[in-house]
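Trainee: Listed below are the residues making up each chain.
Number of protein chains: 2
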Amino acid sequence: MKTDKELIGASTSILVLGILAKDPSYGYEVVKRVNQEAENLFEWQEGTIYPVLHKLEKEGLLRTQWQEANTGRKRKYYYITEQGREALQSRSAQWQSFNSLVHRVVEMPHG
Amino acid sequence: MKTDKELIGASTSILVLGILAKDPSYGYEVVKRVNQEAENLFEWQEGTIYPVLHKLEKEGLLRTQWQEANTGRKRKYYYITEQGREALQSRSAQWQSFNSLVHRVVEMPHG
DNA sequence: CTTAAGACCTAGAAGTTCTAAGTATGTGGA
DNA sequence: TCCACATACTTAGAACTTCTAGGTCTTAAG
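These protein sequence lines are chains A and B, in that order. Going by our numbering, the residue at position 1 of the first sequence is 1; the numbering climbs one at a time, nothing skipped. Going by our numbering, the residue at position 54 of the second sequence is 54; the numbering climbs one at a time, nothing skipped.
Since the hints were made in silico from the structure, they are not lab data. Among the clues, some could well be false.
Identical chains blur together in the list; that is why a pair holds if it fits in one copy or across any two.
As the list claims (entries may be wrong) - Below 25 angstroms or equal to it, Euclidean Cα-Cα: the simulated SDA-like pairs (lysine to any residue) are: (1) Lys58 - Gln83; (2) Lys22 - Lys32; (3) Lys55 - Arg104; (4) Lys55 - His103; (5) Lys76 - Gly60; (6) Lys55 - Val106; (7) Lys5 - Lys55; (8) Lys55 - Gly72; (9) Lys76 - Val106; (10) Lys22 - Arg104.
All chains, full assembly: derive it from the sequences and hints.
Mentor: Structural data, given as structure tokens:
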């Protein structure tokens, strides 16, 4: 019962933006949060998320700031931008549209 | 407002299997049916679908049979297999899981 | 000093679909 | 007859991703 990688890919940016829309965070923690939520569905590796974060930053949907934690360790915090919020909304809407389409096609009665 | 290609990719096999689960059909028509359903969401090109059909056949989820239409033209009809129905069900379930996850993450209240 | 966990990064492999073409047949009009 | 168009299928190569698999550095714990 292996998970469809395309679905993972399709949901990645929405999940990242969704998480960061609530609270700023840093890569390592984002991975953990998502994996917790995803539980048995899939498990992100770290290498999966960093390139995504970089890409979203380059697109202007996130901005970053290095911060020192209490522990003395440095973390790269990601903040969602206004543009990021708009993108999140538009992508959520698109997700919804696809979801409706799939339901319509898969469940539509014979004939 | 360009459509997320990953979402297209993630939904493709479900849509194809879903359509063929109702009635056998051939590539050219499947493209038309899906584009009709998808309306303004996206538009499949023929080149998009044929490789997908070939792949699903290779995986044993579809089987094919050449048939001559009334028009005298030959068509390659695709039939869903038992394995295909199982795959459809499992992929639909997975789609559902991702949908729930996205909703949970994106809509969950602050904190 | 050694190990483990926290935290970040990237090159290259692997896997897709899309683009953009091509082939071939039947229909209908001139 | 000849041309144009819709039907119908196919594939090579480009473009785009993520995943794999490794690496670096720091702090904490023993």
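Trainee: Evaluate each hint against the coordinates.
Mentor: So, going through the hints one by one against the coordinates:
1. Lys58 - Gln83: Cα proximity of Lys58 and Gln83: one copy only (12 angstroms, versus 43 angstroms across).
2. Lys22 - Lys32: within (15 angstroms within a copy, 41 angstroms between copies)
3. Lys55 - Arg104: between (33 angstroms within a copy, 24 angstroms between copies)
4. Lys55 - His103: between (31 angstroms within a copy, 23 angstroms between copies)
5. Lys76 - Gly60: within (16 angstroms within a copy, 47 angstroms between copies)
6. Lys55 - Val106: Classified as between: cross-chain Cα gap 20 angstroms, same-chain 33 angstroms, threshold 25 angstroms.
7. Lys5 - Lys55: both (19 angstroms within a copy, 16 angstroms between copies)
8. Lys55 - Gly72: Answer is neither: 27 angstroms inside a copy and 52 angstroms across each miss the 25 angstroms cutoff.
9. Lys76 - Val106: Classified as between: cross-chain Cα gap 22 angstroms, same-chain 43 angstroms, threshold 25 angstroms.
10. Lys22 - Arg104: For Lys22 and Arg104, the Cα distance is within 25 angstroms only across copies (12 angstroms; inside one copy 32 angstroms).
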